[in-house]
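Colleague: Position chain R relative to chain L; hints supplied.
Line order of the protein sequences matches chains L and R. For the first sequence, our numbering begins at 31 and goes up steadily by one. For the second sequence, our numbering begins at 184 and goes up steadily by one.
Since the hints were derived computationally from the structure, they do not count as laboratory data. Hints may be right or wrong, so weigh each one.
[To be verified] Restricting the straight-line Cα-Cα distance to at most 30 Å, the calculated cross-link-like pairs of lysine-lysine (DSS-like) are:
1. L:95 to R:277
2. L:117 to L:189
3. L:221 to R:277
4. R:284 to L:95
No experiment lies behind these values; they were computed from the predicted model shown.
Chain by chain, the residues run as shown.
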Amino acid sequence: MKGFKIIKNGILNENPIFRMVLGMCPTLAVTTSAENGLGMGLATTFCLVGSNMIISLLRRIIPDKVRIPAYITVIAGFVTIIELILKAFFPALDESLGLFIPLIVVNCIIMARAESFANRNPVWDSILDGIGMGIGFTVSLVLIGSVREILGAGSIFGKSFLTGEMKPILIFLLPPGGFMILGFLMALINKITNRTTPIRHCGSCPMNCVGRSCEKESVA
Amino acid sequence: MKEILIIIFATIFVENFVLSKFLGVCSFLGVSKDLSNSVGMSGAVIFVMTVASAVTWLVYTYILAPLDMMFLQTITFILVIAALVQLVEIVMKKTLPRLYKALGIYLPLITTTCAVLAVSILNIQRDYTFIKSIVFGFSAGVSYMVAILIFAGVRERLELCDVPECFKGFPISLVAAAFVSLAFMGFSGLFAG
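Looking at chain L on its own, in the form it has when it is part of the complex:
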């Protein structure tokens, strides 16, 4: 029952994109189609589950002072694995995600989960947390990707539904469309759930706010 709760937490209450507003860069960049969103989501989920598991196993061994570099090394290891897997078996996906595959290393979601969950919870819970967060991220990416693809390319998962004279609204595939669709979807979800998403001072990046008390320093 507790495991189910952890997974649900990642998908709904603490959805990494719509609630925590983490990992904006890949979210905006790769969601030009639902398929790319799905690929990116699954790649990130793999890294998230792997790094959560290893960091949770090592949580009593890693000294507190060097924990951030240690996390980065673990995460970068998993990113390299997924990079090579994609290059070998999914070259088309690798091509379209491009630069954003190695950039999973600096995805705030993974670092945030390592710092706030995996380093203080047992292995099994951390794995479940990784799965929940990963599903939350993937579902959000597919949602954004689908909306952009339907409006911008007139297709659903690559299948075109345009007939005759209909033309897609190309701007939604271009960078401005990414910002706009994410903004409107976030507002829609806020409307339904009756909440707001304030901007925290340091963005949502977990690195500086945890342990270094940057928030206090920069206010002063």
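Modeller: Relative to chain L, chain R alone:
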């Protein structure tokens, strides 16, 4: 010389790092709340990006490539950048205390700004020479600064607006960023390549 000028202008306007490549969006949205923070952060970004491009280019060309360990690129670059940021912080604290006071608090944030790692990887992907890498790193930093300064101005106006409840905070900022990004699309097609 012409190539270098093209790199500078193309990076700052046509392929603006934040507004058309979506690199460094997290800190772009987080820090752009007021102008002075934006100046500090972008100063730190320009500095780290320039140094990081130089160091990672050297590490790749003289260590990774001869040893045929290119697959370690990601892991090496992020560690080099993390160590570099720490080093810069320590050196700056000792030798340039005034600069440290202005930029210091933003330095730790930069390790996880994806734009820095992206610059290092792009330098290698595009086969830039050492000089071009440094120029690219510097102009990528400047492109971040241009975007964040313009957006800080927009955000200050936004504070005064009466926004629907569900749009408050992030959503309206994203929509505003969409329009700034739209404005930058006017530059596309300025250079071929």
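Colleague: Run the distance test for residue 117 of chain L versus residue 189 of chain L: straight-line Cα separation, threshold 30 Å.
Modeller: holds (25 Å)
Colleague: Take a quick look at whether residue 221 of chain L and residue 277 of chain R sit within 30 Å of each other, Cα to Cα.
Modeller: violated (50 Å)
Colleague: Tell me if the straight-line CA distance from residue 95 of chain L to residue 277 of chain R falls inside 30 Å.
Modeller: holds (21 Å)
Colleague: Hinted pair, alpha-carbon criterion (30 Å max): residue 284 of chain R, residue 95 of chain L. Please report holds or violated.
Modeller: Between residue 284 of chain R and residue 95 of chain L the Cα gap is close to 23 Å, so the pair holds against 30 Å.
This entry does not satisfy hint 3, going by the numbered hints stated previously; all others are met.
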